[in-house]
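Visitor: Input sequences plus hints: build the corresponding full structure.
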Amino acid sequence: MSGLTRDVAVVGIGYSPIGRDTGLDPRALTLAACHAAIADAGLTATDVDGIVEYQFGQGDAPSATATQRMLGIPDLHMYNDLMGTAPSGLGGAMDAAMAVASGVCETVLVYRCITRRAGHTGALRPAATEAPGPAQFHLPYGYGGGIILAMAMRKQRRVAELGGSYEDYGQIALNARRWAARNERAVLRQPLTMDDYLAARPVADPLLVLDCDYPVDGACAVIVTTRERAADLPHRPVLVDALAYGTGAEPDWLYGADFLFGGTRPCAQRLWSRASVGPGDVDVAQLYDGFTHITISWIEALGLCGIGEFHDWVGDGTRIGPGGDQPLNTHGGQLAEGRLHGLAFLAEAVAQLRGDCGDRQVPAADVAVVANAHGPQSGAMVLIGA
Amino acid sequence: MAIDRPRPLPDEVSAFYWEAAGKGALAVLRCDECRRMHHPPDLACPHCGATALRPETVSGRGTVFAATVARQAFDRAFVDAVPFTLALVELDEQPGLKVLTNLVGTTELVAVGTPVELAIEPHGDWSLPQFRVVGS
Ligand SMILES: [Zn+2]
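Residue numbers (this note's numbering), protein chains in the order written: chain V, 1 to 386; chain E, 1 to 136.
Derived from the structure by calculation, the hints contain no laboratory data.
Careful, some of the hints might be misleading.
[Said to hold, decoys possible] With beta-carbon atoms standing in for the labels, derived distance ranges: (1) V/A127 / E/R35: 36 to 46 Å; (2) V/D196 / E/V79: 27 to 37 Å; (3) E/E108 / V/G23: 36 to 46 Å; (4) V/G133 / E/G135: 30 to 40 Å; (5) V/E309 / E/R76: 36 to 46 Å; (6) E/T107 / V/G84: 30 to 40 Å.
[As the list claims (entries may be wrong)] On the chain E side, residues computed to face chain V include the following (Cβ under 10 Å): (7) D4; (8) A77; (9) T106.
[Said to hold, decoys possible] Covered stretches of chain V, as calculated for chain E (at least 3 residues, CB under 8 Å): (10) 199-212; (11) 218-230; (12) 250-256.
From the three backbone atoms N, C-alpha and C, an ideal C-beta is built for every residue, glycine too.
Guide: Next up, the structure:
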């Protein structure tokens with residue numbers, strides 16, 4: 001492993017119940033996922049000396065120290081509440097890996113809890129009457145939905161600039177359902193045809209509702225510790241081979257220098273420069289799909305195919321599905337498992353590298369790449385089964 | 001359809017922008033050091049970090065960099081306005097210099113590269129820079 005001073009492993013993963021309306025309080029969701037991850041790691045709560053979580057700050061998740069209190073942990077050597085501008089849920093695991101690598105912590109608990117209510121960025125907001133600060137250039141134009149409209153514009157721009165078709169986006173949506181059919185946790189498990197995709201409700205042309213992930217209540221948690229400690233724990237250790245952040249120049253979702261890719265390209269370059277493996281070694285890819293555009297961006301940025309080559313590369317989607325040569329988002333992603341907001345891509349990568357994925361297990365999976373978010377908040381990791 | 005748009009609140013950095021709009025013009029900040037322009041206006045140049053910046057009036061001509069047609073509102077003030085267009089317009093003065101706008105007079109998805117021009121929209125004591133497709 002390169003770029004980190006101590007070798008780091010992901011040794012536990014856990015989920016809360018996931019659903020359109022679980023009726024569960026964010027604290028209950030968080031506690032369920034954290035208990036599950038700690039148990040999966042073969043540890044107890046008092047082994048945890050660091051907690052990092054990612055949230056919108058809208059009542060979606062308890063703070064790191066609120067969770068510490070619920071777990072009865074006497075003290076923390078590191079804690080951090082990451083806000084919406086971080087690389088989504090993976091950002092917490094990246095912080096955790098750095099804390100363990102540096103020696104600040106031995107064992108870090110990471111979670112992302114999100115509720116449909118707090119995470120529903122497409123919801124109708126109360127009528128704004130004033131637009132202060134950065135919003136003065138956006139809200140007067142009806143840009144309240146922010147990211148949704150920015151992603152709609154990216155979909156149009158990509159096809160105009162790089163070629164391909166809107167059906168390329170559909171391949172990401174169809175793939176999510178193919179895998180979700182093999183994942184009992186997934187919320188949307190019915191198969192989709194390209195006709196279903198193309199007939200989906202338009203949200204903001206050319207963006208369709210099936211280009212957007214599926215809001216749920218739920219939490220996901222992971223445990224990060226040293227490679228040394230991992231050797232004594234129950235599961236095959238999954239090592240963090242490399243991690244990288246990226247923002248790109250003039251970082252902004254609308255005005256950034258690289259509108260189509262944002263920080264994904266510099267992030268991916270940095271990632272591979274640190275990793276002991278390359279894009280050709282990836283057995284399984286878990287790439288953020290909050291919107292289908294994001295997944296396509298990461299596939300190209302990471303060099304799984306060339307920039308602008310996704311259309312020819314993906315073909316009829318067979319290669320990214322079960323039995324394909326480049327399995328992608330094997331839990332069904334946020335499009336189908338449900339929007340757990342980033343961390344579940346890492347948890348699924350860990351499960352695949354352990355060989356624990358049952359019907360959807362990728363044979364001989366040893367190398368995974370995980371990427372989160374896009375634009376000015378890109379982050380990625382390479383993981384290797386020890 | 002008259003929309004009760006949220007009113008922009010000018011601040012120390014952006015006051016020039018809304019003053020220019022009130023006079024029917026579009027203005028952006030140009031950096032004294034690297035001579036490049038940026039938008040939205042900031043305290044320092046995002047290209048080089050210099051803080052010596054000056055407002056400059058631009059032609060108001062550009063092309064559609066990317067566009068969308070909102071089929072649902074995200075802000076209650078726009079519920080009766082759907083479908084409405086949004087676009088990033090790339091100004092003719094500098095590659096990559098983009099402003100957000102509605103494309104007035106159309107509810108179609110306007111193609112990337114389409115020439116557009118400034119169409120200031122008055123709202124009583126304030127004015128909103130908008131764009132329309134040239135010749136529409
Ligand atoms: Zn400058």
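Visitor: Decide, hint by hint, whether the structure agrees.
Guide: Status of each hint after checking the structure:
no.: 1; hint: V/A127 / E/R35: 36 to 46 Å; verdict: 41 Å, holds
no.: 2; hint: V/D196 / E/V79: 27 to 37 Å; verdict: 28 Å, holds
no.: 3; hint: E/E108 / V/G23: 36 to 46 Å; verdict: 43 Å, holds
no.: 4; hint: V/G133 / E/G135: 30 to 40 Å; verdict: 36 Å, holds
no.: 5; hint: V/E309 / E/R76: 36 to 46 Å; verdict: 42 Å, holds
no.: 6; hint: E/T107 / V/G84: 30 to 40 Å; verdict: 31 Å, holds
no.: 7; hint: D4; verdict: 7 Å, holds
no.: 8; hint: A77; verdict: 4 Å, holds
no.: 9; hint: T106; verdict: 12 Å, violated
no.: 10; hint: 199-212; verdict: holds (count 7)
no.: 11; hint: 218-230; verdict: violated (count 0)
no.: 12; hint: 250-256; verdict: holds (count 3)
Checked against the numbered hints above, the structure violates hints 9 and 11; every other hint is satisfied.
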